[in-house]
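Residue numbers (this note's numbering), protein chains in the order written: chain A, 1 to 133; chain B, 1 to 137.
Careful, some of the hints might be misleading.
[Stated by the list, open to error] Selected chain B positions facing chain A (in silico; Cβ < 8 Å): (1) Asn-12; (2) Arg-94; (3) Ala-124.
[Claimed, not checked] Just so you have them, the derived chain B footprint on chain A, three or more residues with Cβ under 8 Å: (4) 26 to 39; (5) 98 to 105; (6) 115 to 127.
Because the hints were derived from the structure by calculation, they are not lab data.
All values derive from a computational prediction rather than experimental measurement.
From the three backbone atoms N, C-alpha and C, an ideal C-beta is built for every residue, glycine too.
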Amino acid sequence: MANEAVIIELFNGGRPIRYTVSNTTTILKGTMAELSGDRTIIANTNDNAPVVGITAAEKVANDGATTLSVYTDGIFDMLSDSGTDVVGTLMANSATENTIQTADGDDLLQGSWIGYYVEAGTNAGTEAVRINK
Amino acid sequence: MAAEVTIIELFNGGRPIRYTIANNTTGNDTLKGTVMQISGDRTVSAHSGIDEAIAGILTSEKVGGDGSTTVSVYTDGIFDMTAAAAGVTALGARCAGSGTANMITVADATDLLQSSDIGQCLEAHGNNEVAAVRINK
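Chain A with its partners taken away, still in its complex shape:
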């Protein structure tokens, strides 16, 4: 993985929420996480998958851990795709790990939005996103 989200500010300690995760997977801290099953997450690689937040710690493959928390409340630096967006634009996941793109109506209904820009989004830039999932 690459381009993990970086914490700018956490509110309420980032309001971490715990999810189930496969023991056999490696997920780095700062990874955008998507739901893959009942209260279960994987690293986001699927466009339009429901996302739940940013992983709060590293999950090492086969370390025995089967739960992982995600931050749901804060401001994070995140990488955008090749588009540009104005301040306040709602952003969603993409098919590229840890990379966000402009959200549309379907993203709202299917839970694949992640947050809104508090800085103007530049082409393939890294800007601050307010996450409150």
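For this one, chain A is given, so just place chain B on it according to the hints.
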């Protein structure tokens, strides 16, 4: 009433928000765990149908005629909620109040605009099935 919501986890104490409620008549109680709709100026009543603006989940029972005129609703947590018949929801999808009290169904764009959405389904629902919903109103 039936199908009241059950707490799985609360964040920030559930972030309770206080609203006005009618004192109601004796015997007309509103149970803890009831889905509450905004029915007037910062006033709530029990959810009863589709397209109602949802405020949250009632934190304690309101006994009809007890003289109290405020209640709090939880707005931040994970809750077990029941999908209405034909209210199947996909994993991760937004859900909204259904036509049956305390039950949910798949949200549409109108629900988002009128705040009748409730939260994100963290588990897939079947008809009349109970599953976890992330509420952050």
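Evaluated hints:
1. Residue-level restraint check for Asn-12(B) holds (minimum Cβ-Cβ distance to chain A is 6 Å; threshold 8 Å).
2. The beta carbon of Arg-94(B) comes within 5 Å of a beta carbon in chain A, closer than 8 Å, and the hint placing it at the interface holds.
3. At about 7 Å, the closest approach between the beta carbon of Ala-124(B) and any beta carbon in chain A falls short of 8 Å, and the interface hint on this residue holds.
4. Residues of the region 26 to 39 of chain A with a Cβ under 8 Å from some Cβ of chain B number 5, which satisfies the need for three, so the listed coverage holds.
5. Counting residues of the region 98 to 105 of chain A whose CB falls under 8 Å from any CB of chain B gives 1; the rule of at least 3 is not met.
6. Here's how the region 115 to 127 of chain A fares: 0 of its residues keep a CB closer than 8 Å to some CB of chain B, so the rule of at least three is not met and the hint is violated.
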